[in-house]
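Position chain B against the provided structure of chain A, taking the given hints into account.
Going down the list, the protein sequences come from chains A and B. Counting in the numbering used here, the first sequence runs without a single skipped number right up to 318 at its last residue. Counting in the numbering used here, the second sequence runs without a single skipped number right up to 352 at its last residue.
The hints are simulated quantities; they were obtained by calculation from the structure and are not laboratory data. Possibly wrong hints are sitting among the right ones.
Derived pair list, reagent style DSBU-like, types lysine-lysine, alpha-carbon separation capped at 35 Å [to be verified]:
# : chain 1 : residue 1 : chain 2 : residue 2
1 : A       : Lys149    : B       : Lys37
2 : A       : Lys149    : B       : Lys31
3 : B       : Lys36     : A       : Lys201
Listed below are the residues making up each chain.
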Amino acid sequence: MRRFKRFLRTAGEFFHLLFTHYMGLFGTIILVIMISGAVFAPFLGTIDPQMSGDFENVLVSPNANNWFGTDDLARDVYSQLLYGTRISLMIGLVAASIAVSIGAFVGLIAGFYGGRIDNVLMKIVDFVMTLPHLPLLITLAAIIGPSVWNVVFVVGGIYWPGIARVVRSQVLSIKERPFIEASRCIGGSNAYLMFGEILPNVVPIMFAEAVLMITEAIYAEAVLSFLGLGDPTTISWGSMLHFAFESGVMSSALWWVLPPIMAIITLIVAFSLLGTAITDVMKPGYKEMRGF
Amino acid sequence: MGFKGFILKKAIAAIITVVVIVCVNFVIFRIAPGDPIRMMFRDPRISAEQLEEMRHKYHLDGSMGEQFVYYMKSMAQGDLGISFGSKRPVLELIIERVPNTLMLVLTALTCAIFIGISLGAFAGWRSGTKIDTMILSTALAFYSIPTFALGILLLLLFAYVIPIFPLGGMVTPAAGLHGFAYLRDLLWHMCLPAFTVTLWYIGEYVLFTRSSMMDVLHQDFILTARAKGLKESVVLRTHALRNALLPVVTITGVNLGFAVAGVIEAETVYSWPGAGMLVYDAVMKRDYPLLQGVFLLFACSVVLANFTIDLIYGYIDPRIKVGEG
Chain A
27 MRRFKRFLRT AGEFFHLLFT HYMGLFGTII LVIMISGAVF APFLGTIDPQ MSGDFENVLV
87 SPNANNWFGT DDLARDVYSQ LLYGTRISLM IGLVAASIAV SIGAFVGLIA GFYGGRIDNV
147 LMKIVDFVMT LPHLPLLITL AAIIGPSVWN VVFVVGGIYW PGIARVVRSQ VLSIKERPFI
207 EASRCIGGSN AYLMFGEILP NVVPIMFAEA VLMITEAIYA EAVLSFLGLG DPTTISWGSM
267 LHFAFESGVM SSALWWVLPP IMAIITLIVA FSLLGTAITD VMKPGYKEMR GF
Chain B
28 MGFKGFILKK AIAAIITVVV IVCVNFVIFR IAPGDPIRMM FRDPRISAEQ LEEMRHKYHL
88 DGSMGEQFVY YMKSMAQGDL GISFGSKRPV LELIIERVPN TLMLVLTALT CAIFIGISLG
148 AFAGWRSGTK IDTMILSTAL AFYSIPTFAL GILLLLLFAY VIPIFPLGGM VTPAAGLHGF
208 AYLRDLLWHM CLPAFTVTLW YIGEYVLFTR SSMMDVLHQD FILTARAKGL KESVVLRTHA
268 LRNALLPVVT ITGVNLGFAV AGVIEAETVY SWPGAGMLVY DAVMKRDYPL LQGVFLLFAC
328 SVVLANFTID LIYGYIDPRI KVGEG
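Just chain A, with the same shape it has in the complex:
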């Protein structure tokens, strides 16, 4: 119970710092709006985004029925946009979680055991980091086929090395601290030391990295879908742009092109603002600087 209270107090302090940081506040507000849009999409005047309309409704400019107009299959752009938010957010969050989990695990093992294990793991990390991400993403996605889960796994499987490095360097310094020694003395196993003692101390750093990782994942999904490697059965912002770009009528249907572009930019900027703010807030000395 005391532990929980302490956690609440730390969390409260953290959010207070975050919301008084103007980048953090701004990013959070945008995100809350976009997440609400995604969650409550069915109640916000949308229709089935996949449903093709009447033939004479093809590429209609914005009006009372279709707030953002329609695309070349007479589908409602506004509905596509809101439902697309779901895909972008979902893929961003899940892929980033996978990347962070793999990265944290590899980083923990490498930093904790050191020696040869560390050497081998870091060689792998260096190698994956050398590979150009987008060509690798495209190649993998093209080969294992387009589906939401493939995109998630491919993105998650490629972006973990950065996290692994950050976690490793943290672990290297934390494992030398006295409380680890103490914990080992009272019989803590390696696994307990790694996941019970060291991991909780790495989480704050991981948190900032994870938020920035989400922007990478959203970006990756958008590019893949834009290149036609997205899931053909769902609608995402990237795939909207793909169809608009392929249709050849992009220039005369700005209402079809601009919303997804703006949405991608807004979401990525919101997460970058939040990530930068969290990194700032977590910096040692920030609290004191703000008079806490």
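For chain B alone, kept in the frame of chain A given last:
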């Protein structure tokens, strides 16, 4: 460790990386679910014998071991296979496109380095002021916008709404231009794609130069230089910027992997016939040999670029050369 030892070590590491990339490339294209030949020739009228023949032609028959040996042999001979789509050797298709991509990348990189370093150095010098915040936030914004989104926006703005630039491609088709007129046409087509890629690169340089400049400006030797009564411009140029540029050189190499991404997106949006556009074509046509070749090209060029940067770094960083004498 002397300079020669340093080069040797880096060269061996680069060669090992390339070999591993080649092996990974083999594995990636074998984990595909289903038969690549079947995926390529979906027409049900093709008989099993014909498929078998195709498989033999593309060396996709035989055991994994045999395939691997054949693959490594042909790689060593510089044979990247034959494109499914155009039935021409992949290497030939790629070599055709490389100059176009290089032209775009080098132009954008040069612009980005000059503008980015100047802006970053200025922002670092005037850190904390309004103009610093302005430069920093603009750079951050362009850095986080996906290149293809930025490309489409610029394309719509400068080719449709205000039609001052062409819609895409590299030269006006069938215009039959020669000499100076051809060059002008080419540059005119290159403006938008190069501008897009530049905008994306700049962010990185601004951020790095700025923070590096801020670090250097706090050091004692800058204080000494100022105390000697040197002009501020001299302090900045010969004392601060020179030292601040060291880490900036490194990121040019480290971030080339990401730079490649920008090129693929920009080339696709502007139909610039470079190697990046080839990726899009290969994906659209499910042309695996071509995709494999282009992936190899990009991966190897990143390794090569990193190696070059290491060389430059070894040359300009006095700490590496010390052991030589």
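Keeping to a limit of 35 Å between CA atoms, is the pair of B:Lys36 and A:Lys201 held or broken? holds, 31 Å
Would you mind confirming whether the straight-line C-alpha gap from A:Lys149 to B:Lys31 stays at or under 35 Å? Distance ~23 Å between A:Lys149 and B:Lys31 Cα, so the pair holds.
Compare the distance between the alpha carbons of A:Lys149 and B:Lys37 with 35 Å, and conclude whether the hinted pair is satisfied. holds, 14 Å
Of the hints listed earlier, there is not a single one the structure fails to meet.
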